[in-house]
Amino acid sequence: MVVKVNNLVKRYGDLIALDHFNLQVNEGEIFGLLGPNGSGKTTAINCILALLKYDKGTIEVFGQAMAPDAYNIKREIGIIMQNVAVFNELTVQENINYFCGLYISDKKKRASLVEEAIEFVGLNDFRKFYPRKLSGGLLRRLNIACGIAHQPKLIIMDEPTVAVDPQSRNSILEGIQKLNRQGATVIYTSHYMEEVEQICTRIAIMDRGKIIATGTNDELKSMIKAGEKITAEIFGLDSLQIQNIKNLPHISSVEYDENMLVVKSERGKNNLAIVLDYFRVHNIPYGKIYCELPTLNDVFLEITGKQLRD
Amino acid sequence: MFLHIFTNRCKCLVRDKVLMFWTLMFPIVLASLFGLAFSNLSSEDKFSEINIAVVDNNEYQSNQAFQSALSAVTDAGQSSGEKGLFNVILSTHEQADELLKNNKIEGYILFDGGANLVIKESGINQTIIKTFLDDYAQIGSAITNIVRQNPTAFPSLMEDVMADKNYLKEVSPSNAEPNTTLNYYYALVAMACLFGSFWGVKEISAVQADLSPQGARVNLAPAHKLKIFGYSLCAAAVVHLFTIFILIAYLSLFLKVDFGRDLLYVLLACVVGSMMGVSMGALIGALIKKDEIVKIAVLVSVSMILSFLAGLMMVDMKYIVTHAIPVMAYINPANLITDAFYSLYYFDTYNRFFTNIGLLLGFTVVFYLIVYFVLRRQRYASL
Ligand SMILES: Nc1ncnc2c1ncn2[C@@H]1O[C@H](COP(=O)(O)OP(=O)(O)O)[C@@H](O)[C@H]1O
Ligand SMILES: [Mg+2]
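Protein sequences, first through last, are from chains B and A.
First residue of the first sequence: 1, per my numbering; consecutive thereafter.
First residue of the second sequence: 311, per my numbering; consecutive thereafter.
It is possible that part of the hints are untrue.
As the list claims (entries may be wrong) - Examples of chain B residues toward chain A, derived with CB under 7 Å:
#, residue
1, LYS56
2, MET66
3, PRO68
4, TYR71
5, ALA85
6, GLU89
7, THR91
8, LEU102
These aren't lab readings, by the way, just hints derived from the structure by calculation.
Positions of the beta carbon are idealized from the N, C-alpha and C atoms, including for glycine.
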């Protein structure tokens, strides 16, 4: 177990930011912490890192109690914070070298680690640049390089892709997977479900300071009743046919508006095939048709009754 | 680790253009302006005696004590060649009024059931006369008691006591010429020392997780925050001291400001003054949870005000403040630094210099103790 958090409670005055928060992260995972803004992701991370005081609970990292002076644990952690944390007066290379130097004192080893990190985030052409001269995406990449240059075993990333252009975002996500393949355990927080779905091997969904569900992407989706959503473009469908479609097995709702048919199914096998069969048998011609599997948003919606993103 | 942090922090500080402007360029520009302004002053104006009149009436004639006190601070009372504080004219009341009206004298003393000062306008010279009278009244009552027991000791005692008092135009033994323009430059150096507080603020921000994301990163490193802060502080102290040395070099080489004979002590004053400035910033930085830029704006004004009170803009200020609120002389760090330089220049002994240095060091230690207790807390209640 790389990280184990038990019944963590953190209050800010009357506000309960973490409400008996539990978390277990295994070695080798890319663990996603997904929750809307204000759900307590950053607070949880800061507690795990022994930055914040908390009211109750225990935190273990690498099987040891985490504490501000647990330097042997801290040495193996790399952090990419939500806010870019680099010094404006140092160049890209100097920044990476400075933060790496807080972990690695051997100069030679450090130099090669810094090179690797620069290579890794693709800032080779910008190594002499000052942070102010970097675009948002490049700045985020520098922020990541500063956090991982010392090649930690556990990498914690708090929303590293906020305000990043799509190209940088993809390169960051790929980078995380690469780090994971190289052996690092990753904890990744985000309020973008697509990212979490894309790269995380296990996901915890968070709301109001609590974990409300944990599992792999598929496990989470199988927890809920909702199945795929089928959308088809059909002209002149009559109400009888709509009623018939509604009566097909596993169909939970049917809407027809401006020639678009939206069929929501419950979890079950071959839902799409059954609907398509019905169209064929009744000679209903259709234009575009597509089928969406349930998303983590559906999971969130079903458990909390609200959208993940408002 | 030390070298790594030290060199990188030095880079961060030296490349901070805004702070470099305030700590290095601004004092030099200001010093140059002073230089221009003072080069137009004729040097003769600077040490002239203050013309006063004393109304020669019965009460004055019968007041032996006052006559002795007065003669101690006039030409007649000085050893050969030295100038006194006052140039005294004995006159009738009407003559004194006339003299005052025509600006021939700064004020006159009229005995009418005690010593009264009559002036037309207030200024530094009038303050000096008033100070003299106040001191006389104070010391006079003490001496009256002594004299009751031993009347023969009276005139010489009075003369001794009054001559030992330090007025603006110092009468104590020294080889240096009293020079008030120097105080402007010394106050300027004091201001530059206090500007060291910016570096203190910056270093605190760089290690406190609740003040900057960079600080959060430092808190997560496998090293004690206090250690990292200590190393960073060394960088701040060195960079700031460097700016102070440049300023001192500029003042003494280009503006020919006299810092006295003991270079080593001047450097000591610089080191201590600079340390005091940096610690003041660290204190403010650690205690106040506001943006770095806000703190620096506050510190710019506080430093300027403290230096103003130490005589940065008008030299009289230093004496007015010292007289109005005597404790200010000891708690205003700018005054302590200014005074340290002045006593190096002026006095042949080091008592006063080391009193100033000691007080400055005391403040520095207290400030850092407070900073230590703030930084020692390892977890934050909120970020
Ligand atoms: N320093 C603080 N003081 C008071 N409340 C805070 C503080 N930091 C966070 N909170 C509150 O705690 C809750 C969780 O915040 P946070 O952990 O930042 O959420 P997330 O990272 O998921 O967006 C929010 O309601 C936020 O308003
Ligand atoms: Mg957050």
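Status of the hint placing LYS56/B at chain A (closest C-beta pair under 7 Å): violated, 14 Å
Residue hint LEU102/B, partner chain A, criterion CB-CB below 7 Å: With a closest approach of 4 Å, the LEU102/B hint holds.
Hinted contact GLU89/B with chain A - closest CB pair below 7 Å: holds, 4 Å
Hint check: 7 Å Cβ-Cβ cutoff, THR91/B to chain A: Violated, because the Cβ-Cβ distance from THR91/B to chain A comes to roughly 9 Å (cut-off 7 Å).
Status of the PRO68/B interface restraint (C-beta, 7 Å, chain A): holds, 4 Å
Given hint MET66/B near chain A, where the shortest CB pair must fall under 7 Å: violated, 11 Å
Given hint TYR71/B near chain A, where the shortest CB pair must fall under 7 Å: Hint holds; TYR71/B Cβ to chain A Cβ min 4 Å, cut 7 Å.
Agreement of hint ALA85/B with chain A interface, Cβ distance less than 7 Å: Constraint on ALA85/B satisfied, holds at 4 Å.
In this structure, the hints that do not hold are numbers 1, 2 and 7, in rising order.
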